[in-house]
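**Student:** Residue strings, one per chain:
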Amino acid sequence: MKERSPFLVGYLDNETNQSALPKSSDVVIIGGGLLGTSLAYYLSKSKVETVLIERDDINREASGTNAGSFHFQIALHQLTPNMSESEKRRLADEVRLQVDAASLWDEIERELDADLGVHFDGGIMVAETEDEMRVLKEKDAIEKEAGLESHILVGDEMRTFAPYLAPDLAGISFCPREGHANPLLVGPTYAYRAWQNGAHFRTGCDVTRIERINVGGDLKGRRFRVVTSRGVIECNRVVNATGAWAAELSSQLGLRIPLGLSGLHVNVTEPREYFLKSMVQHIGRRLTLKQTHNNTFIIGGGWPSREEKFPKRYSNTWSSTAGNLAVALRVLPMLADVKLLRTWSGVWAFTKDFKPILGESEKVPGYHIAMVPTGFTLGPMVAQMLSQYMTATPGKGKLPSEFNIDREVA
Amino acid sequence: MNTDHDLVVIGGGPAGIAAASTAASFGLRVAIIDERVTFGGQIFKRLGDGFDLESPEALGKDYARGARLIQELEQSEISKFNSTTVLTIEDNQIITSHPVDGVRRFSCKALVIAPGAYDRPVVFPGWTLPGVMTAGAVQTLVKTQQISPGKRIFFAGSGPLALAFSAQLIKYGAPVFKVIESAPFPSPTKLLGLLSSIKGNWDLAGDAIRYRATLLSHHVPFHYGRIITKAEGSGRVEAVTHARVDKDWNPIKGTEIVEPADTLCLGYGFFPSHELFRLLDCDFDYDETRGGFTVSKDSWGLTKSSSPLAIYAVGDGTGVTGSYSAEAQGRLAGLHIANHLGSLSTQERDRRSKNFRKELQQRNDFQRAINKMFEVKQGIYRLAEANTVICRCESVRAKEIDPVIDSTCDVSVVKSYSRAGMGLCQARNCQRQIAAMIAIRHKISISEIPFQTPRMPVKPVEIGKIADPSIREEKYFIQ
Ligand SMILES: Cc1cc2nc3c(=O)[nH]c(=O)nc-3n(C[C@H](O)[C@H](O)[C@H](O)COP(=O)(O)OP(=O)(O)OC[C@H]3O[C@@H](n4cnc5c(N)ncnc54)[C@H](O)[C@@H]3O)c2cc1C
Ligand SMILES: Cc1cc2nc3c(=O)[nH]c(=O)nc-3n(C[C@H](O)[C@H](O)[C@H](O)COP(=O)(O)OP(=O)(O)OC[C@H]3O[C@@H](n4cnc5c(N)ncnc54)[C@H](O)[C@@H]3O)c2cc1C
Chain X
20 MKERSPFLVG
30 YLDNETNQSA
40 LPKSSDVVII
50 GGGLLGTSLA
60 YYLSKSKVET
70 VLIERDDINR
80 EASGTNAGSF
90 HFQIALHQLT
100 PNMSESEKRR
110 LADEVRLQVD
120 AASLWDEIER
130 ELDADLGVHF
140 DGGIMVAETE
150 DEMRVLKEKD
160 AIEKEAGLES
170 HILVGDEMRT
180 FAPYLAPDLA
190 GISFCPREGH
200 ANPLLVGPTY
210 AYRAWQNGAH
220 FRTGCDVTRI
230 ERINVGGDLK
240 GRRFRVVTSR
250 GVIECNRVVN
260 ATGAWAAELS
270 SQLGLRIPLG
280 LSGLHVNVTE
290 PREYFLKSMV
300 QHIGRRLTLK
310 QTHNNTFIIG
320 GGWPSREEKF
330 PKRYSNTWSS
340 TAGNLAVALR
350 VLPMLADVKL
360 LRTWSGVWAF
370 TKDFKPILGE
380 SEKVPGYHIA
390 MVPTGFTLGP
400 MVAQMLSQYM
410 TATPGKGKLP
420 SEFNIDREVA
Chain Y
36 MNTDHDLVVI
46 GGGPAGIAAA
56 STAASFGLRV
66 AIIDERVTFG
76 GQIFKRLGDG
86 FDLESPEALG
96 KDYARGARLI
106 QELEQSEISK
116 FNSTTVLTIE
126 DNQIITSHPV
136 DGVRRFSCKA
146 LVIAPGAYDR
156 PVVFPGWTLP
166 GVMTAGAVQT
176 LVKTQQISPG
186 KRIFFAGSGP
196 LALAFSAQLI
206 KYGAPVFKVI
216 ESAPFPSPTK
226 LLGLLSSIKG
236 NWDLAGDAIR
246 YRATLLSHHV
256 PFHYGRIITK
266 AEGSGRVEAV
276 THARVDKDWN
286 PIKGTEIVEP
296 ADTLCLGYGF
306 FPSHELFRLL
316 DCDFDYDETR
326 GGFTVSKDSW
336 GLTKSSSPLA
346 IYAVGDGTGV
356 TGSYSAEAQG
366 RLAGLHIANH
376 LGSLSTQERD
386 RRSKNFRKEL
396 QQRNDFQRAI
406 NKMFEVKQGI
416 YRLAEANTVI
426 CRCESVRAKE
436 IDPVIDSTCD
446 VSVVKSYSRA
456 GMGLCQARNC
466 QRQIAAMIAI
476 RHKISISEIP
486 FQTPRMPVKP
496 VEIGKIADPS
506 IREEKYFIQ
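These protein sequences, in sequence, are chains X and Y.
Residues 20 to 429 (our numbering) are what the first sequence spells out, left to right.
Residues 36 to 514 (our numbering) are what the second sequence spells out, left to right.
Everything labelled a hint here was simulated from the structure, so no lab data went into it.
Since no wrong hints were added, every one of them can be taken at face value.
List of simulated lysine-lysine pairs, DSSO-like, C-alpha gap at most 27 Å:
hint: 1; chain 1: X; residue 1: 163; chain 2: X; residue 2: 107
hint: 2; chain 1: Y; residue 1: 500; chain 2: X; residue 2: 358
hint: 3; chain 1: X; residue 1: 66; chain 2: X; residue 2: 42
hint: 4; chain 1: X; residue 1: 358; chain 2: Y; residue 2: 494
hint: 5; chain 1: X; residue 1: 417; chain 2: X; residue 2: 64
hint: 6; chain 1: Y; residue 1: 510; chain 2: X; residue 2: 374
hint: 7; chain 1: Y; residue 1: 144; chain 2: Y; residue 2: 115
hint: 8; chain 1: X; residue 1: 331; chain 2: Y; residue 2: 339
hint: 9; chain 1: Y; residue 1: 478; chain 2: Y; residue 2: 407
hint: 10; chain 1: X; residue 1: 64; chain 2: X; residue 2: 42
hint: 11; chain 1: X; residue 1: 328; chain 2: Y; residue 2: 144
hint: 12; chain 1: Y; residue 1: 510; chain 2: X; residue 2: 156
hint: 13; chain 1: X; residue 1: 296; chain 2: Y; residue 2: 500
hint: 14; chain 1: Y; residue 1: 510; chain 2: X; residue 2: 371
hint: 15; chain 1: X; residue 1: 107; chain 2: X; residue 2: 417
hint: 16; chain 1: X; residue 1: 296; chain 2: X; residue 2: 163
hint: 17; chain 1: X; residue 1: 331; chain 2: Y; residue 2: 494
hint: 18; chain 1: X; residue 1: 415; chain 2: X; residue 2: 66
hint: 19; chain 1: X; residue 1: 371; chain 2: X; residue 2: 328
hint: 20; chain 1: Y; residue 1: 144; chain 2: X; residue 2: 331
hint: 21; chain 1: X; residue 1: 358; chain 2: Y; residue 2: 115
hint: 22; chain 1: Y; residue 1: 339; chain 2: X; residue 2: 328
hint: 23; chain 1: Y; residue 1: 510; chain 2: X; residue 2: 107
hint: 24; chain 1: Y; residue 1: 494; chain 2: Y; residue 2: 115
Over the 10 Å line for every Cβ pair with chain Y, so calculated as not near, a few chain X residues:
hint: 25; residue: 38
hint: 26; residue: 42
hint: 27; residue: 168
Every residue gets a Cβ at the ideal spot worked out from N, C-alpha and C, and that includes glycine.
This is chain Y alone, in the form it adopts within the complex (with noise of 0.2 Å):
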């Protein structure tokens, strides 16, 4: 099946929502992708089946606003096509898979991608025992299927999302008894920095002040200043060790405490998915408290690609910046492409984007502001010891992976000599622990050191689901 659109979306949560809405509005033929069952992406989770929504309100305002995007998605023309997963892009084809009606191509004028992001994986000792988590799939366990992962529930991570998210889930009923955040102590003049960027922001600020309420009624310490160093258990966590960090996030030796648990929930932010992008051969900045490598585009969104198709980048998958700014981001994109592709003048467009570019101006520098405060700094990658495995697909441990550093500064080459990277995950998990062991071995930043080779399908697919018989390769001789 072949379907051509003018614009296509590929990604349904709030930044890919509001691209797609608002091109639809002014008349484009729009087609929207996303591989999950329902639309609305990592923030607007829905519940589960079979579990019914008592008192919205205990999902909190994201969930309503969610819901109103999903409506104005749901109202309008676009063609949806969930469960469906992109592939690959070739030429102008966005090439997908459905579980039922199998591959599916899409060619289109012009194309955003909003992929979204991932949890940050952090490796150290016990990382890949039964038991830890990170703070999305706690947060979807807890929010969709009303479970508790544990009984003595231990957060660490950093950033505004680990106070939000442990507080979430301590408001669901989840006992998380105790959060350690890693950034130290906000100072007077990041907090300075904060007040000054408040403006169109109180609510986010609200929130974070309501979060730190509920974690103070529920009696859950919040320590700044410490990490996570260990998970250990027999079979499944029984307890973690912790420490108090330097200012590079390295645990200070004498500091460590250790507690009985038997979850550890991890929240240290994200990691863009960027793997359509890299397939596309754009261009990256980076920036490790956004995610790391986040692809280069203008103030509407448009990349540089190798592709013949115009390729709006927007959302978190482009540099975790949150909800706002995704869905101010898609609005952006959705008229600079209704104007480029003719539905919409350039006047127009640029009255219209006014308000989202003020918007998407204030929650950036709120943003800017927040990550000042909660820089990653590179003691996140200088937790595994020798035996710790770090790509936990292939079981490759540090001590395997040491050697073939010393002698090259390629992350294709460790994995070829080591299989690290190899794996179901594609590399999700251990590519950016590699690369900052890299970095450190040969005293370069981490900036310096690309991805490997980007290659489809950019998930994993049932040969099964995607063989064609009809395609015939050049004939050597027998007919």
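So here's chain X without its partners, still in its complex pose (with noise of 0.2 Å):
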């Protein structure tokens, strides 16, 4: 058996994270997801003196409840009807920094070090009419545009590139640079070597309260004082990484975070045989699909969750059980006998633009938030980006306009 992730040895030794919560810190990271822990990892890394505060256990939320997998190609979820060409630019925008991610995925194992179950076995889409044949094409040609490879198979070629799909799906588009990787390790192995990098972790830690000090103080100055379920910590910068929970402590200092949150299901099931390499999309429907390393069935593609209060998770139901099921049997007919083991959710985040939210607020000097909706492909490379905004001489680091986190998104 292949041996698991070094770190698991004294991950986040616990002696380290019973004791008091340090009293003071250059940055505060709030919020122990993707995003929080490689802000920690990029930001430890070029030696800033990084607390991180996690409520829970790292990567419990969306990064560890999420499907793992390198969203590069457009999806039903960003396409509206009929495209203006402008449209079309915004898209083939993002598809830019989709391609740009990849490359950090590259790089990650090496990065860190270990392994993290990264494959980059290409992405299927799959057109079931010719209305959404015409949909693939045209989110094709965007893509191919924006340097992103990819391919339409329909009939035959279809059928002998991919025997294991329904034969008589309209068409489908590969893209050899999807992939994916295990949430579950992405997260916590940034965390490991930011710790071993000197970061602060404290976990059972939840931010009740953020008050700026020193307002109109010099940079040097403590300018935050975060008040947690474990004592005070004053700091100079605060980073707001809390994902759906980003909106409710940005307004304590009068921000208005405009986000969406949508609770998301997912299915697994038994392991078998391993036959699909690449995961499977419908752009039409919602559908993501499949076969981990471990030879399970990882299904989903955005069918909702029941709201629940917290801490209860959001709950499971039925008719997306039975209705995501459904849509993966039309597309692959032969998984009918394999056994669905289990469900669970997470709470997804998102903006109205798709965009991330990322950077400095002008209004608040030293408040920063991390936050972008396709969080798992995406959030390691904005960590770096916002990290290298962290580390550039004051006043000279830059980031995409439309990033801003002072924006209002109607």
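Make the complex out of the two chains shown on their own, each in a separate frame, by following the hints.
**Tutor:** Next comes the structure, spelled out in structure tokens:
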């Protein structure tokens, strides 16, 4: 059997984690999802004093419940009917960002010196009807223009390429660059490497209030008091990486962060002999399907789960289970006798324009937000961008203006 | 298909049948659901197809009692759904699957959940070797197929059922050659405790004596204060090791005995099946000897949960107390529901409940006294070594779980880092062992460590049996 990642040994050593919250730090990151842990890694690599505070354990929310797919192809939720040229340009920009992320994923296992289950086995997007086929071609053209390799296959070509798919599908696109990694390992490994770099972690530590102090004082002075269930810490810079909860803390500082929230449903099955190398998605219906390297199938794609009051986790519904599985069977009929083992759900936070919210507030200097909707694919990369911004000479750092955290998104 | 009833009962063992029949006798429209092919639950297993019963008395009075209960069920107006597995409960819908008829939904005003218990898994070096079997599995094999799993069966266990099971196996002709019991020889105070609760339980006490006599007359030695520590063999069990235990059931070094055996039968008690209760957010208590977490309920079986339905919990699935108690609990719930739904006056309910309540009281007193004698101790969780497989579905060893446990107290975190608990058994086998490992490492009580987040389906089910193309998602934009 393959050895498991080294981070398990002494990971977030219990004694360190149980000791008191430091009194102060240059940077405090709130939230131990993928955004928070990867940022802690990049900052600590640049020797920035960092404390990461997480109310639960590391990687338990969106970053530990997602399906771990690298989404480089334009997906269903990004498309609008009869797209204008400017919308197409916007989509092409998004694709370029995703292509950049792909190169980070190429390197990540070497960078973190760990097996994170990264695979680039390609992604298939199926079209069931001729209408969907038209959209598939349109999206394919945008991707090609943005520099993402993809191929359209129909008829016998499709059936030879992917004999496991339902033979009567209208066609597919195939993007060799797509892939996946193990979401249960990536965040914790970033955390472990950050911890080795000297970043501090406190879990089971709930941030209840952020107060501004020393307003207008000099940049070296502490500007925030962060109040937690395990004590108070003062810091110069705060990064809010609380994902779906980013708006709550921000509003205490008078900032309105317009986030949409959606509970997402995921199914996992028993293992079967490995045959499905590429992830499968649907251009017209909610489906992502892949066979993991543990041979189980993970089936999701945006079916809703039911909102519950925190800390209860969002619950799964029968209609999402039976509906999602029916779409999966339509595309891969041979899964009919595979057993469903379990469902789960996570809370997904998105912006209406699907762009990241990344950077420092002009209204509240020193207050940063790190959130991005396609956060598994893009999280580490935007964290790296933010870290570069935060370690640049003051005033010199730059981030894309469309990520501006003070923007109002209708 | 959607079926509407006053009462739906999940589980067709003694508890569920008693609840269903009692409620139906007051005119309620009742449905009973069980995933097995026949009703009767664990205790009243009937012979497999093709086996004729020559002498019913060989099967004992449990069988006769079971036959009476099943007859009561068969003669009633109750709608019976067997081979039907409950997958989840959502709002007031009970969602089930049947191998031929597919998904069926039930709705009702009151719900009784009586899912029974399953054999407590015990993790020690070699526990996954072929030839190591739980008592329940051996019993099923012997009782319903009349097949003995081996030629030289070693029986290790604890509690009254360890004695009962081993004696039954011997009576059926299965070659059990030795029995060990982890608890010490009962002290005089504990025996006195037992005697003071014997009223109404002479039958059970008599059974115990007869079981002991069976062992004696077959010259099968029975040793107190010893626990199984290892099973070895190439490809299947060839030898077992057992050792004396201290008061916490930790094996004492130097007291090991190795013996050849081809089958190891384990009877260390039961774990309640509480997946559905957890899904419904019921409150729980903790009692290791009754199987760990047990659902909290009032004296009629009514639970507190987040569900809009009135939910009753009865039988071994609510904490293991045995089949007499299970039946009495079912009757009481049935009466309460009949009253609750307006078919029985409160006065009449209380009058009729008196005898069952008395029976339950006496059975429970006796059970408590017995449980005192056979209290399950934490040593049962300390038998694994570094190389022992803890999660058998995913082949995760203790040494792979230990480092994760260093930094968390959450079984879900252990699961996501190590894959322990992700397999086909849905963590029924390993989860408490992992909880115990966490408890030991962090010096906290195992009762403080909750299960992983409950999710549907509570039993694995084929995708093709439940996928429903008529359910359409909210569209994004393509019509
Ligand atoms: C079911 C599902 C499937 C998905 N599939 C994919 C996919 O295949 N590919 C992809 O790219 N993206 C996917 N996503 C999106 C992706 O998972 C998220 O965008 C990403 O994980 C967000 O990371 P995060 O660190 O911002 O948030 P999170 O991982 O949610 O982390 C936020 C953390 O902040 C903590 N926190 C919150 N409030 C406080 C407080 N007051 N004090 C202290 N800590 C606090 C939380 O406990 C949490 O740990 C999916 C999302 C879901 C839910
Ligand atoms: C393996 C085993 C052997 C035993 N042998 C003896 C014995 O020989 N003598 C003795 O005195 N006691 C014995 N007991 C104890 C005795 O069986 C119990 O005390 C008694 O059966 C409890 O009754 P019950 O109705 O609570 O549960 P059960 O009799 O276990 O009935 C529960 C029923 O619920 C059904 N069920 C559970 N979940 C679902 C679901 N999701 N969907 C549909 N159906 C479901 C099961 O199929 C089962 O038929 C044994 C227990 C076990 C576990």
